[in-house]
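Single-letter residue listing:
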Amino acid sequence: MLQKSTLPNHGNTRDGWRPTVSAETTLVLSNQAVNSEYRRLVLSCAALAVSAQPGQFFQLLCPAPAGGKPFLRRPMSVYGTRQEPSQLEFLYKVTGTGTRGLETLHPGDPLDIFGPLGVGFELDPSWRSIAVVGRGAGLATLVPLASAATRAGIHVTAILSARRPDLLVSVDLFRSYGANVVGVTDAEATSGPANVEKILRTLIAGRGCNAFFTCGSSRLMRVLQRLAAEFGLAGQIAMEQQMACGIGLCHCCVRDFNVEGEIVSRRVCWDGPVFDLAEAMP
Amino acid sequence: MSVDLSVAIGSLRMRNPVMPASGTFAEGLDKVIDFERLGALVTKTITRELRTGNPLPRVVEQPGGLINSIGIPSKGLDYFIEHTLPLYAPFSTPLVVSISAPTAEGFASLARAVSVPEVAAIEANISCPNIEEDGKAFAMTPESTERVTSALRSATGLPLWVKLTPNTGDIATIASAAERAGADALVVANTILAMAVDLKTFRPCLGNILGGLSGPAVKPIILRQVYQCAKTVRIPVIGCGGIATAEDAAEFMLAGATAVQVGTATFIKPDTMVQVIEGLEHFCVHRDIGRVGDLTGALVVEESDEPDMAWMEPAQ
Chain A
-12 MLQKSTLPNH GNTRDGWRPT VSAETTLVLS NQAVNSEYRR LVLSCAALAV SAQPGQFFQL
48 LCPAPAGGKP FLRRPMSVYG TRQEPSQLEF LYKVTGTGTR GLETLHPGDP LDIFGPLGVG
108 FELDPSWRSI AVVGRGAGLA TLVPLASAAT RAGIHVTAIL SARRPDLLVS VDLFRSYGAN
168 VVGVTDAEAT SGPANVEKIL RTLIAGRGCN AFFTCGSSRL MRVLQRLAAE FGLAGQIAME
228 QQMACGIGLC HCCVRDFNVE GEIVSRRVCW DGPVFDLAEA MP
Chain B
7 MSVDLSVAIG SLRMRNPVMP ASGTFAEGLD KVIDFERLGA LVTKTITREL RTGNPLPRVV
67 EQPGGLINSI GIPSKGLDYF IEHTLPLYAP FSTPLVVSIS APTAEGFASL ARAVSVPEVA
127 AIEANISCPN IEEDGKAFAM TPESTERVTS ALRSATGLPL WVKLTPNTGD IATIASAAER
187 AGADALVVAN TILAMAVDLK TFRPCLGNIL GGLSGPAVKP IILRQVYQCA KTVRIPVIGC
247 GGIATAEDAA EFMLAGATAV QVGTATFIKP DTMVQVIEGL EHFCVHRDIG RVGDLTGALV
307 VEESDEPDMA WMEPAQ
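Keeping their order, the protein sequence lines are chains A and B. Residue numbers for the first sequence follow this note's numbering, beginning at -12 and rising by one. Residue numbers for the second sequence follow this note's numbering, beginning at 7 and rising by one.
Just so you know, not all the hints are guaranteed correct.
Lysine-lysine pairs mimicking DSS-like chemistry, simulated, CA-CA at most 30 Å apart [to be verified]:
| hint | chain 1 | residue 1 | chain 2 | residue 2 |
| --- | --- | --- | --- | --- |
| 1 | B | 206 | A | 80 |
| 2 | A | 56 | B | 225 |
| 3 | B | 206 | B | 81 |
| 4 | A | 56 | A | 80 |
| 5 | A | 56 | B | 206 |
In silico contact screen, one side only, chain A against chain B (beta carbon under 7 Å); selected entries [to be verified]:
| hint | residue |
| --- | --- |
| 6 | 6 |
| 7 | 7 |
| 8 | 10 |
| 9 | 213 |
| 10 | 231 |
| 11 | 234 |
| 12 | 236 |
| 13 | 238 |
Keep in mind that the hints were calculated from the coordinates and are not lab data. All C-beta atoms in this analysis are idealised placements derived from N, C-alpha and C, irrespective of residue type, glycine included.
Work out the full structure, taking the sequences as your base and the hints as a guide.
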């Protein structure tokens, strides 16, 4: 049987190879509450990290909060990037050990981040108008997409859903990208699928809509899937799942997808986190 | 001073003793580290048939470690040969294929099927359930270890590595059985059977209830098992359990390992393997050791200590 022969070197980096994903120690610039639930974290980072595309994510090595120590990294989608100087932003809600650790960060603290990871959103330059529909922390994922769409000359209608009006995040940010923002909330009884469907039908009949983008709610996902099928629209969804490695090694973050009637298991971290809306399953 | 980092696992020469642990490595890591720097590449365990894997959640973190119950999802042998093998063709680093099967004959036929020129060695993951023995892992008893290793040995001319389970009371006896049946090397070891409970819901934290613990939490236990196995067998032992730093790797080599596998640490620090390689070189330079292989089994144990260790021998 053929054997691989002894190699002449001690494993020097091969010519031309460069990492396209890396772990780096960033510096916290700010970490402040934006409302009663969400916090915005701004990091100073290297140029590679700000090459992140809308919908991509990073694995954060969160510091240990009192009474806990996260062993794994925590995945978090990119909320914003800035060039020269390179800055990266995340929006998070304190829910568990990892985010409790993030809450303890102060300006000047180091934070180890690994990324950019996964497959992000794709925009077709021929599109004229898209709708982004998000709920809760899912809104953060859609912000860089709205920014990219505006830069590409695509009009954005943003339907933002939350429990209460004061928890709607990023409304001003979406507006600054020229998006037409419609806030819907549980408190005002406007966030139900029927009302969101009505808003979308009005959009399709009026300005028109080429594609749907969504994150954060399986209830809204089903409305979008139905309308996209009815009107033959493209659609993409950013999905979440508990992760370990974040780069396709461990198969812990799988979800089922319906690919032309066949149920297929895919890794959210590697095949996604952005998937074809039509194939997504709750 | 230049250090010779190369090691030999039987007939297989490696440029250094560091490779991934099966199940914690895939082609995507090429975005982060250069595969040409590693001692070997080790695939995720493949099976002949399609397997979907276990119900979610598949991992739960613990202080200093991780319990997983992924369940060996596999796209099957044909997919592996057609799609996975070519991904590693561009690399000169030896490719080790991890295999699993529910029967000894299943192991043998799969080993035969992956004995192709692109493959440098086979790692038989015999920590999986043996359906011919009520689902008990092959590596739990010397008899079934010997039976499956013999079947594998007859099936392939490739270097045969046998990966043992740490979940047995007497791993050295298992190691001997594998050596006797023709294994070229032992990988010591797989994950330690474990469990966690969610106190909010009263449910097990894992969809499969039980899983395998890995990470720094298991290192002292697996280090002890490497020591016990390396003392017992003449074939090389590859250490695998909680290695996250070059110092960890050096400990395993001193305890008797010829090479090491890095697994869970890659999830936390994705370039761990490269760090371990560089760190081992620095360690050798610092200690004036010319060949990293000189670390293997160089543990200093006073003769008079030996009788004091009789308590750890298994009861007969």
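We went through each hint and held it up to the structure:
no.	hint	result
1	B:206 x A:80	holds (20 Å)
2	A:56 x B:225	holds (19 Å)
3	B:206 x B:81	violated (36 Å)
4	A:56 x A:80	holds (18 Å)
5	A:56 x B:206	holds (19 Å)
6	6	holds (6 Å)
7	7	holds (5 Å)
8	10	holds (6 Å)
9	213	violated (26 Å)
10	231	holds (5 Å)
11	234	holds (5 Å)
12	236	holds (5 Å)
13	238	holds (5 Å)
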